[in-house]
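The residues making up each chain are set out below.
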Amino acid sequence: MKYFVIGIGGTGMRCIEAFTHLCAMGMCDNMEIDILSIDTDTNNGNKGRSEQLIERYRRIKGGDGGKPTANSFFTAKINLFKFAPEYSGNRLTFETISDLTSGAEDIKRSNKALADLFFDDDVQKFNLNHGYRAQTHMGSHLMYHAIVEAARLVREGKGRPEDRSLVEFINRIFQAGADARVFILGSIFGGTGASSIPILPRALTHALRVSDPNANIQQAQFGCSLLTEYFSFTVPDAVQTKAQKVIANSNNFSFNSQAALMFYEADETVKRTYQRMYHVGWPSSQRKDFSADGKDAKTITGGAEQRNPCHVTEFLCAAAALDFFTRRETADDKHEIVFRSANEQNGSFLFDFQDFIGTQRANDFMNRLGALYALGLIVINHEKGGAGQNGVLNLVKKFQEFGTPDYVNLPQDDARDIDDYLKAFAFTYEGGEIVPGWLLQVRETVRGSFLFSADAFSTNYKQLQGVHFGKLFDDESHQFAKKGKLGFGAGDPYNEFCNVILKDQTVKPSPEIQKVERLNEHFLAHTYRTLTKLYNLL
Amino acid sequence: MHLLLVVSVRTPRDLQALNARTYVLCAIIGLAFVLLAALIAQLIKYEGGSRPRDPKQRRVAFWGLFVTSGATAFCYNTFVVANTVAINLKAKFMSTTVISALVTLVVYLLLGFILSKVFSTGKLATWFPAKHR
Numbered sequence: 014m015k016y017f018v019i020g021i022g023g024t025g026m027r028c029i030e031a032f033t034h035l036c037a038m039g040m041c042d043n044m045e046i047d048i049l050s051i052d053t054d055t056n057n058g059n060k061g062r063s064e065q066l067i068e069r070y071r072r073i074k075g076g077d078g079g080k081p082t083a084n085s086f087f088t089a090k091i092n093l094f095k096f097a098p099e100y101s102g103n104r105l106t107f108e109t110i111s112d113l114t115s116g117a118e119d120i121k122r123s124n125k126a127l128a129d130l131f132f133d134d135d136v137q138k139f140n141l142n143h144g145y146r147a148q149t150h151m152g153s154h155l156m157y158h159a160i161v162e163a164a165r166l167v168r169e170g171k172g173r174p175e176d177r178s179l180v181e182f183i184n185r186i187f188q189a190g191a192d193a194r195v196f197i198l199g200s201i202f203g204g205t206g207a208s209s210i211p212i213l214p215r216a217l218t219h220a221l222r223v224s225d226p227n228a229n230i231q232q233a234q235f236g237c238s239l240l241t242e243y244f245s246f247t248v249p250d251a252v253q254t255k256a257q258k259v260i261a262n263s264n265n266f267s268f269n270s271q272a273a274l275m276f277y278e279a280d281e282t283v284k285r286t287y288q289r290m291y292h293v294g295w296p297s298s299q300r301k302d303f304s305a306d307g308k309d310a311k312t313i314t315g316g317a318e319q320r321n322p323c324h325v326t327e328f329l330c331a332a333a334a335l336d337f338f339t340r341r342e343t344a345d346d347k348h349e350i351v352f353r354s355a356n357e358q359n360g361s362f363l364f365d366f367q368d369f370i371g372t373q374r375a376n377d378f379m380n381r382l383g384a385l386y387a388l389g390l391i392v393i394n395h396e397k398g399g400a401g402q403n404g405v406l407n408l409v410k411k412f413q414e415f416g417t418p419d420y421v422n423l424p425q426d427d428a429r430d431i432d433d434y435l436k437a438f439a440f441t442y443e444g445g446e447i448v449p450g451w452l453l454q455v456r457e458t459v460r461g462s463f464l465f466s467a468d469a470f471s472t473n474y475k476q477l478q479g480v481h482f483g484k485l486f487d488d489e490s491h492q493f494a495k496k497g498k499l500g501f502g503a504g505d506p507y508n509e510f511c512n513v514i515l516k517d518q519t520v521k522p523s524p525e526i527q528k529v530e531r532l533n534e535h536f537l538a539h540t541y542r543t544l545t546k547l548y549n550l551l
Numbered sequence: 514m515h516l517l518l519v520v521s522v523r524t525p526r527d528l529q530a531l532n533a534r535t536y537v538l539c540a541i542i543g544l545a546f547v548l549l550a551a552l553i554a555q556l557i558k559y560e561g562g563s564r565p566r567d568p569k570q571r572r573v574a575f576w577g578l579f580v581t582s583g584a585t586a587f588c589y590n591t592f593v594v595a596n597t598v599a600i601n602l603k604a605k606f607m608s609t610t611v612i613s614a615l616v617t618l619v620v621y622l623l624l625g626f627i628l629s630k631v632f633s634t635g636k637l638a639t640w641f642p643a644k645h646r
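The listed protein sequences correspond, in order, to chains Z and H. For the first sequence, the numbering used here begins at 14 and goes up steadily by one. For the second sequence, the numbering used here begins at 514 and goes up steadily by one.
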């Protein structure tokens, strides 16, 4: 099987971020995954964050030369491709891109009349460099043509790096043939994702045919997330609306979602193209306000300022992608829309591991997520990574100190990359405050219980520093270092971790089981096996 | 209440036997102290960060007990055992007290080194850390 993920728009970027963390946990053993990020807003904060995360992941894996591994952290090999339509210079608006104002008068009149049939004047003239601003009808049109145009430019030798990246990605899907599984991540209530999901498979096919008219990717299987509204932001006031003319309004998100769902349910083209669609929703009463707790004075339309925190629904979408990649095909496979629900009590969700991954792999997921979070706690708290030190390097030095020179040659940069990744995954500290990483941000969006014990995600600085990672799970059979020496006091999980990793030969990396070659991957495999043994989940 | 020590070593033969017993006892003292050092080493928890203090703490405990073991053997023999030796033989026994203290120290050091290398990936390894590149 060949795996392809396409993330579109701001929500798509955060879904890609969540998917990358799934790979970091080790949920994608032995897989090589091509990820394409598409956004119209090249300076978007979420885009930058996701791509930076993936680049760091790739460095940990050894870049282009990296190989998939298994039963460890960072097992999947990820290849990153990026595309952004060009909306700058003399291509800032629909009007200028479509050349409505050039040519003979009668041509101009005809073109304008045709354009006016579909788009209001304001829509034709707003600045596209922050995206389609919830104008999905125009967005679909422009995104389709941007993709096909990119292929044309590459064929003519004029393509930008982003255009070449897109074409390479499409060619890889084509080469994979019937083995290709393509999953598209994005929202359906906003701008870029909502615009692109319906047209993307067709646009990719037509882009491919620019070079080879007989080529097609119809054998590939397509899946996508149908993520309905889950956040809001400052509603534009009259002044801003008048100035911007076209601007997204989060009050319309529910209507947008309903309209989109009706479309996906009824449209025959969509049904023929997508084998599986994963509907992910969120109660409107628990929508997250992304406008800095309501303090943004105005609507942020995009750019570097748009750097929204992560949400549990994006995590669910990433889990949906994993489900699509790993599901077994059946002879009578047909288009279906699936959903998952979670237990709720008194308005609060009670998320458990199987809610994300299903019962079959729930224990595996529990172990991998728990182990990665525990490694984060070790590096950040115990090895002082959160105090600005290179926590991974400090842990590596322990081996040296205690007579095991296994990782003495681990390059500092490799250690730094893992250290930075764990902070982006979990959290770090700055100026006496907690800076939540992805996992803590996701946890903040859930009112009820969330996977681990209540103490695992403290928002108090001192308490978070003292989290007992041996008691991440409520089930005592998956706890360690429960009591101190001779049964007195609380046990020390860090001491127990060091005892096992330094002395127990059975947790050393196994070339046959884990297939690790690089020194940093040996180190990661070693920590993975140690924590797996301690948690006693597998 | 005074402890009454009976003078039981009166002849050179008695002294010879006492010397043998003293050396054995001091070896056992060395063993006991190194086991105590090992226990303390285990109780000292691993510490993280770029400058963990636990290896130094274990070394300080190890060398502290090294000195203490020799001192204990010497003091015991000088102030307790020597009082059981007849006055005419006491001078000869004083050299035994020195040698037996050395026995304690050698046994302690040797056993400590062996344990440190046998358990080279454990906490005892910090007593005699290996030099790595």
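Some hints could be false.
Claimed, not checked - Quick list of in silico lysine-lysine cross-link-like pairs, DSS-like style, CA-CA up to 25 Å: (1) Z:K496 <-> Z:K436; (2) Z:K546 <-> H:K569; (3) Z:K496 <-> H:K630; (4) Z:K528 <-> Z:K546; (5) H:K603 <-> Z:K516; (6) Z:K516 <-> Z:K397; (7) Z:K498 <-> H:K558; (8) Z:K121 <-> H:K569; (9) Z:K495 <-> Z:K528; (10) H:K630 <-> Z:K521; (11) Z:K125 <-> Z:K95; (12) H:K605 <-> Z:K411; (13) Z:K521 <-> H:K603; (14) Z:K411 <-> H:K603; (15) Z:K516 <-> H:K558; (16) Z:K15 <-> Z:K496; (17) H:K558 <-> Z:K475; (18) H:K603 <-> Z:K498; (19) Z:K498 <-> Z:K436; (20) H:K569 <-> Z:K516; (21) H:K569 <-> Z:K484; (22) Z:K411 <-> Z:K516; (23) Z:K498 <-> Z:K528; (24) Z:K411 <-> Z:K397; (25) H:K558 <-> Z:K495; (26) Z:K521 <-> Z:K546; (27) H:K569 <-> Z:K397; (28) H:K605 <-> Z:K397.
What the hints assert, rightly or not - Here are a few chain Z residues that face chain H, going by a calculated C-beta distance under 7 Å: (29) K397; (30) E414; (31) F415; (32) T417; (33) L515; (34) T519; (35) K521.
Stated by the list, open to error - Chain Z is nowhere near these chain H residues, computed Cβ spacing over 12 Å in every case: (36) S521; (37) N532; (38) L556; (39) T585; (40) V594.
These are computed hints drawn from the structure, not numbers from a lab. As the structure is a prediction and not an experimental result, all values here were calculated from the model. Backbone N, C-alpha and C fix where the C-beta goes; we use that ideal spot for every residue, glycine too.
Verification of the supplied hints:
A hinted pair counts as satisfied when its Cα atoms are at most 25 Å apart, and K496 (chain Z) with K436 (chain Z) does not qualify at roughly 28 Å. For the proposed pair K546 (chain Z) and K569 (chain H), the alpha carbon gap of about 30 Å is over 25 Å, so the pair is violated. Taken as a hint, the K496 (chain Z) and K630 (chain H) pair is broken in the structure, with Cα atoms around 30 Å apart against an allowance of 25 Å. Taken as a hint, the K528 (chain Z) and K546 (chain Z) pair is honoured in the structure, with Cα atoms around 19 Å apart against an allowance of 25 Å.
A C-alpha spacing of about 50 Å is found between K603 (chain H) and K516 (chain Z), which places the hinted pair above 25 Å, so the restraint is violated. Using a Cα cut-off of 25 Å, the hinted pair K516 (chain Z) and K397 (chain Z) holds, with the two alpha carbons roughly 23 Å apart. A threshold of 25 Å between alpha carbons decides the hint, and for K498 (chain Z) with K558 (chain H) the separation of about 11 Å falls inside it, so the pair holds. The straight-line distance between the Cα atoms of K121 (chain Z) and K569 (chain H) is roughly 83 Å, outside the 25 Å bound, and the hint therefore fails.
For the given pair, K495 (chain Z) sits about 33 Å from K528 (chain Z) by alpha-carbon distance, which is inconsistent with the 25 Å threshold. Pair hint K630 (chain H) plus K521 (chain Z) holds up; C-alpha atoms about 20 Å apart against a cutoff of 25 Å. Restraint check for K125 (chain Z) and K95 (chain Z): not satisfied, since their Cα atoms lie roughly 33 Å apart, outside the 25 Å limit. Of the pairs offered as hints, the one joining K605 (chain H) and K411 (chain Z) is violated, with about 51 Å between alpha carbons and a cut-off of 25 Å exceeded.
The hinted pair formed by K521 (chain Z) and K603 (chain H) fails the criterion: a straight-line CA distance of about 59 Å is larger than 25 Å. Taking the CA atoms of K411 (chain Z) and K603 (chain H), the gap is near 52 Å; set against the 25 Å cutoff, the hint is violated. Between K516 (chain Z) and K558 (chain H) the alpha-carbon distance is near 15 Å, which keeps this suggested pair within the 25 Å criterion. Of the supplied pair hints, the one linking K15 (chain Z) and K496 (chain Z) is violated, its CA atoms being roughly 47 Å apart against a limit of 25 Å.
For the given pair, K558 (chain H) sits about 20 Å from K475 (chain Z) by alpha-carbon distance, which is consistent with the 25 Å threshold. Restraint check: the Cα-Cα separation between K603 (chain H) and K498 (chain Z) comes to about 47 Å, which exceeds 25 Å; the hinted pair is violated. Restraint check for K498 (chain Z) and K436 (chain Z): not satisfied, since their Cα atoms lie roughly 31 Å apart, outside the 25 Å limit. With a CA separation close to 20 Å, the supplied pair K569 (chain H) and K516 (chain Z) stays within the 25 Å bound.
Restraint check for K569 (chain H) and K484 (chain Z): the C-alpha separation of about 30 Å exceeds 25 Å, so the hint is violated. A C-alpha spacing of about 12 Å is found between K411 (chain Z) and K516 (chain Z), which places the hinted pair at or below 25 Å, so the restraint holds. The suggested pairing of K498 (chain Z) with K528 (chain Z) is violated, with an alpha-carbon distance near 37 Å, which exceeds 25 Å. A hinted pair counts as satisfied when its Cα atoms are at most 25 Å apart, and K411 (chain Z) with K397 (chain Z) qualifies at roughly 13 Å.
Note on K558 (chain H) and K495 (chain Z): the hinted pairing holds, with a Cα-Cα distance of about 15 Å set against a maximum of 25 Å. Between K521 (chain Z) and K546 (chain Z), the direct Cα distance comes to roughly 11 Å. Compliance with the 25 Å bound is thereby established for this hinted pair. Distance restraint check for K569 (chain H) and K397 (chain Z): the Cα-Cα separation of roughly 19 Å lies within the 25 Å cut-off, and the hinted pair is therefore satisfied. Our distance criterion of 25 Å between C-alpha atoms is broken by K605 (chain H) and K397 (chain Z), whose separation comes to about 59 Å.
Look at K397 (chain Z): its Cβ gets to within about 4 Å of chain H, closer than 7 Å, so that hint holds up. For E414 (chain Z), the shortest C-beta to C-beta distance to chain H is roughly 6 Å, which falls under 7 Å, so the interface hint holds. For the restraint placing F415 (chain Z) at the interface with chain H, the shortest Cβ-Cβ distance is roughly 5 Å, inside the 7 Å limit, so the hint holds. Taking 7 Å as the C-beta contact cut-off toward chain H, the hint placing T417 (chain Z) at the interface holds, the least distance being around 5 Å.
For L515 (chain Z), the shortest C-beta to C-beta distance to chain H is roughly 5 Å, which falls under 7 Å, so the interface hint holds. Contact between T519 (chain Z) and chain H, as hinted, is not supported at the beta carbon level, the nearest pair being about 13 Å apart and thus beyond 7 Å. Proximity of K521 (chain Z) to chain H is violated relative to the hint, the smallest CB-CB distance being about 11 Å (cut-off 7 Å). S521 (chain H), annotated as away from the interface, keeps every beta carbon of chain Z farther than 12 Å; the closest lies near 41 Å.
Distance check on N532 (chain H): its Cβ is at least 39 Å (rounded) from any Cβ of chain Z, clearing the 12 Å threshold; non-interface status holds. Against the 12 Å criterion, L556 (chain H) falls within the reach of chain Z, whose nearest CB is about 7 Å from its own CB. Residue placement check: T585 (chain H) keeps its beta carbon more than 12 Å from all beta carbons of chain Z (closest about 26 Å). Every Cβ of chain Z is farther than 12 Å from the Cβ of V594 (chain H); the closest lies at roughly 35 Å, confirming the non-interface assignment.
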